[in-house]
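Each chain, letter by letter, is given below.
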Amino acid sequence: MNQNCEITLEIGGMPILLHMQNRSFRQLLALRYAGFVGSSRPPRFEFDIELTAPLADNPDEDVQVRMHRGVWRLRRGDFRAQWDPRAGRGRIRQSANPYSIDSILRIVHTLILAQEGGFLLHSAGAIRDGKAFLFSGVSGAGKTTISRLAPRDVTLLTDEVSYVRRDDDGYRACGTPFAGELARVGENCSAPIECLFFLAQGQANRIETLSKAEAIRRLMRNILFFAEDSDLAQKVFQSACEFVERVAVRRLTFVPDSRVWEMIQ
Amino acid sequence: MTEKYIAKSSAIASRMLGGEMMIMSALDSTFFTLNPAATVVWQAADGRTALSEIVRNHVCREFDVDIEIAQRDVEHFVGELSQHGILLVSDRPFPKPSASPTEAA
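Line by line, the protein sequences are chains A and B. According to our numbering, the first sequence is numbered sequentially starting from 1. According to our numbering, the second sequence is numbered sequentially starting from 1.
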């Protein structure tokens, strides 16, 4: 049904208002981003979504994110978008599928965070006793496993993409709806980051320190960043260095059973 | 032997962390960690000081190493970083960066 409608999605405390002309699509978004819909604050940015037939010229085209005259241009085989951060407005063309808008939101948040000293990190995240713990690593390292093994007193922020914001004295991890294999949206809450673990599965549970250089190397490998923009890439690198100076970064080797969580506190 | 001059690319980010110099190319996100001798060369790469002078006055002085060995190692390091576009190499000094209005005042 075509009718003007809108939805506000607040991820990482950043409200973004989406306008569209399709109530079914709005309903789809409301279900997919349940827990992240609505905000008590005015939106920071607004996007008009134009739903089209699938963009068929090159469906396998890789993502491109480029700044042109102050406007970000985002494109992939399945979407086209532009966003003027100064005006706070953007436009999106895509078909009525949730994957395109999900990717666009991830990209937009990486651009916002890069300017503010934060980043999106390929990691699971959880809160225990008011402290956030992040678990990062390549696919298969154990992000989904450690999320699945979390005991009841743990609040899961995400099993796939953590939202890392600069805080007064350190960094704060926020829940995201960007789900991985668990296909479970994280809780919309946040806490100061106590430790970032890089995961490996092994024969015994152990935690080891990492040199700053190794921590930076691994962190940079797992930060989501799509823009072809040298200045922004430099900012992200400096943010990663700041993070490593302020937050403990360790390697966590674990046996995939619930005892690993005895070490996380 | 032709003299060389080296300057840092503007498309990099670098940071000293935990006693190690880390450099990232902003063009392709290639990441380097420099050893102490390479860090000395990096810090002296102002585009105006000849490479031989950097070797003689910085590397040899700080690390008590034979000048020929140091020159060879530094040339190798410079070649590697220049291939990644992180260091710029020229056979003449690089022009001085233009002063900002504040600096000129």
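No lab work stands behind these hints: they were computed from the structure. Hints may be right or wrong, so weigh each one.
[Said to hold, decoys possible] To give an idea of the chain B side of the interface with chain A (calculated C-beta under 8 Å), a few residues:
1) A13
2) M24
3) V65
4) I67
5) A70
[What the hints assert, rightly or not] Straight-line distance between alpha carbons at most 16 Å, and here's what the computed EDC-like set of lysine to aspartate or glutamate pairs gives:
6) A:K131 <-> A:E262
7) A:K131 <-> A:D84
8) A:K212 <-> B:E20
9) B:K4 <-> B:E80
10) B:K8 <-> B:D91
11) A:K235 <-> B:D91
[Claimed, not checked] Computed footprint of chain B on chain A, listed as stretches where at least three residues anywhere in the stretch have a Cβ under 8 Å from a Cβ of chain B:
12) 96 to 105
13) 167 to 176
The beta-carbon is built from N, C-alpha and C at its ideal position, and this holds for glycine as well.
Against the structure, the hints come out as follows:
{"no.": "1", "hint": "A13", "verdict": "holds, 4 Å"}
{"no.": "2", "hint": "M24", "verdict": "holds, 5 Å"}
{"no.": "3", "hint": "V65", "verdict": "violated, 23 Å"}
{"no.": "4", "hint": "I67", "verdict": "violated, 29 Å"}
{"no.": "5", "hint": "A70", "verdict": "violated, 23 Å"}
{"no.": "6", "hint": "A:K131 <-> A:E262", "verdict": "holds, 15 Å"}
{"no.": "7", "hint": "A:K131 <-> A:D84", "verdict": "violated, 35 Å"}
{"no.": "8", "hint": "A:K212 <-> B:E20", "verdict": "holds, 8 Å"}
{"no.": "9", "hint": "B:K4 <-> B:E80", "verdict": "holds, 15 Å"}
{"no.": "10", "hint": "B:K8 <-> B:D91", "verdict": "holds, 15 Å"}
{"no.": "11", "hint": "A:K235 <-> B:D91", "verdict": "violated, 32 Å"}
{"no.": "12", "hint": "96 to 105", "verdict": "violated (count 0)"}
{"no.": "13", "hint": "167 to 176", "verdict": "violated (count 0)"}
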